[in-house]
Structure formats: C-alpha cells, structure tokens
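Engineer: Sequence:
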Amino acid sequence: MYIIGIDEAGRGPLAGPVAVGVVLIPKNFRPKNKKTKLPLRDSKKLPEHAREAWFKYLKTHQKILCKVTMVHPKTIDRINITEAVNLAATRALRITLQPGRASPRGKQVQEITKQGCKIYLDAGIKINPNEAKSYKLKAMIRGDEKINAIKLASIAAKVTRDRYMKRKHKEYPMYGFNIHKGYGTKDHIKAIKKNGPSALHRLTFIKKYATIRK
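Position one of the sequence shown corresponds to residue -9 (our numbering), numbered consecutively onward.
Worth flagging that the hints you see were computed from the coordinates, not collected in a lab.
Every residue, glycine too, gets a C-beta built ideally from N, C-alpha and C.
Some hints could be false.
Capping the alpha-carbon separation at 25 angstroms, the derived lysine-lysine pairs in DSS-like fashion look like this [said to hold, decoys possible]:
id	residue 1	residue 2
1	LYS197	LYS176
2	LYS46	LYS64
3	LYS126	LYS108
4	LYS160	LYS17
5	LYS17	LYS27
6	LYS160	LYS64
With beta-carbon atoms standing in for the labels, derived distance ranges [as the list claims (entries may be wrong)]:
id	residue 1	residue 2	range
7	GLN52	LYS176	42 to 52 angstroms
8	HIS62	ARG132	37 to 47 angstroms
9	LYS123	ASN70	17 to 27 angstroms
10	PRO16	GLN88	18 to 28 angstroms
11	PHE19	GLU121	19 to 29 angstroms
12	THR50	LYS180	23 to 33 angstroms
13	LYS156	ASN23	15 to 25 angstroms
14	LYS160	LYS123	42 to 52 angstroms
15	LYS108	ILE169	12 to 22 angstroms
16	ALA189	ILE169	13 to 23 angstroms
17	GLU161	SER124	37 to 47 angstroms
18	GLU38	PRO163	37 to 47 angstroms
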C-alpha cells in the first residue's frame, strides 16, 4: 500500500509560476533525515536551509517518488490561479502514476495502482473530475500539518519554485526575484511601478500596480 501527498506553492505571488508537488511513499514509511535537526514540517514552517535538506532527502531516498509540475503566468492569467493549481496537480499525479514508471520498491506503478494508493490532497486542490474517479482521493484540511506525504510534497513544490525564481532573477535583476520569489513585498511593488511588468508577472494580479499594455 502506498500513500501519495499533493500540495502547492506559489498560489499568492504577483510573479512566477505556481508549483504542485506529488510525493509517493510506502504506507508505513516514517521519514528521518539526519542532515537537519528540524523535523519534517510543512514548507512554510521551515527555514530555507531545512527545506533544502529535506528536498535533497526526498529526491535521493530510494523509497520516495517525487514529481513537481508548474503552470506559468500566461496560463494563470487565462484560466485563473485555482484552475492553474488543479491543472498542475492533475498533470503531476498523472506523470507519477503513469504505467511502467518504477516504484520505490522496484515494482511498476501499474502494479501499485492495482494494490491501491491512498491519495491525500491539501484542501483547496482538486484533480480533474474525469481522472479523479480513477483514484482514491481525500482532501485534508491542514493536510500539510498531518500527512507526511503532503509535508514532503509542499517542500518539493516550494524548493523547486524558489530555485526557478532565483534563476529568473538573472534575467530580471531589477525586480529582486531572488529575495522575495515573486511575492508582493513593498520592494517588489515599487519595482513593478518603476519598471512595469515583466514576462514573469501575472497580469491579473498586478492591475493596481502597473498599466497593462496589450
């Protein structure tokens, strides 16, 4: 039996993609990371160095499968942020459980799905209804505080997105993406007012800060 956790990062920023992490672990697996003294928690409750340590742990542990997908600003503007999160979650889950992908124990995912996977989503995330009927899904209020797989998924999504924003800082150094990762800090808003929006900004999120030219 396997447990899958799904969580997102980047729902609220003014710039950058939204990311969704999907993590699969054996049912009775208890994550233990000797590289950090901080226990496994939701990504928002961990400092950056601890998130990085846990991310390395989940990416290298032989019993863990992890996938992160991102939906970018143009699509967010077109379909809205809620639908963008759901789209990313559906894509990530589909890839994680695609037939033929190796499982943490060397089996095939197709075998795992026959055994059954329990899939926990942090509340507010939904899988495409046409695909959801194929899975055993349960939405969890504050799931990122209760389910280890969701905690790991939140870390995977957060670290992946933060690294992406740091890389994009090199293209758009005037906005400070390496510091605030696209969130609406005072310095970020000031930079938008001064420089206008970049290709990385969510135009539907910054209407009151900049003149949008089509």
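Engineer: Hint by hint, say whether it matches the structure.
Structural biologist: Here is how each hint holds up against the structure:
| no. | hint | verdict |
| --- | --- | --- |
| 1 | LYS197 to LYS176 | holds, 16 angstroms |
| 2 | LYS46 to LYS64 | violated, 30 angstroms |
| 3 | LYS126 to LYS108 | holds, 5 angstroms |
| 4 | LYS160 to LYS17 | violated, 41 angstroms |
| 5 | LYS17 to LYS27 | holds, 24 angstroms |
| 6 | LYS160 to LYS64 | holds, 20 angstroms |
| 7 | GLN52 to LYS176: 42 to 52 angstroms | holds, 45 angstroms |
| 8 | HIS62 to ARG132: 37 to 47 angstroms | violated, 28 angstroms |
| 9 | LYS123 to ASN70: 17 to 27 angstroms | holds, 24 angstroms |
| 10 | PRO16 to GLN88: 18 to 28 angstroms | holds, 19 angstroms |
| 11 | PHE19 to GLU121: 19 to 29 angstroms | holds, 25 angstroms |
| 12 | THR50 to LYS180: 23 to 33 angstroms | violated, 40 angstroms |
| 13 | LYS156 to ASN23: 15 to 25 angstroms | holds, 23 angstroms |
| 14 | LYS160 to LYS123: 42 to 52 angstroms | holds, 44 angstroms |
| 15 | LYS108 to ILE169: 12 to 22 angstroms | violated, 38 angstroms |
| 16 | ALA189 to ILE169: 13 to 23 angstroms | holds, 19 angstroms |
| 17 | GLU161 to SER124: 37 to 47 angstroms | holds, 40 angstroms |
| 18 | GLU38 to PRO163: 37 to 47 angstroms | violated, 20 angstroms |
Figure legend: structure checked against the earlier numbered hints; hints not met, in rising order: 2, 4, 8, 12, 15 and 18.
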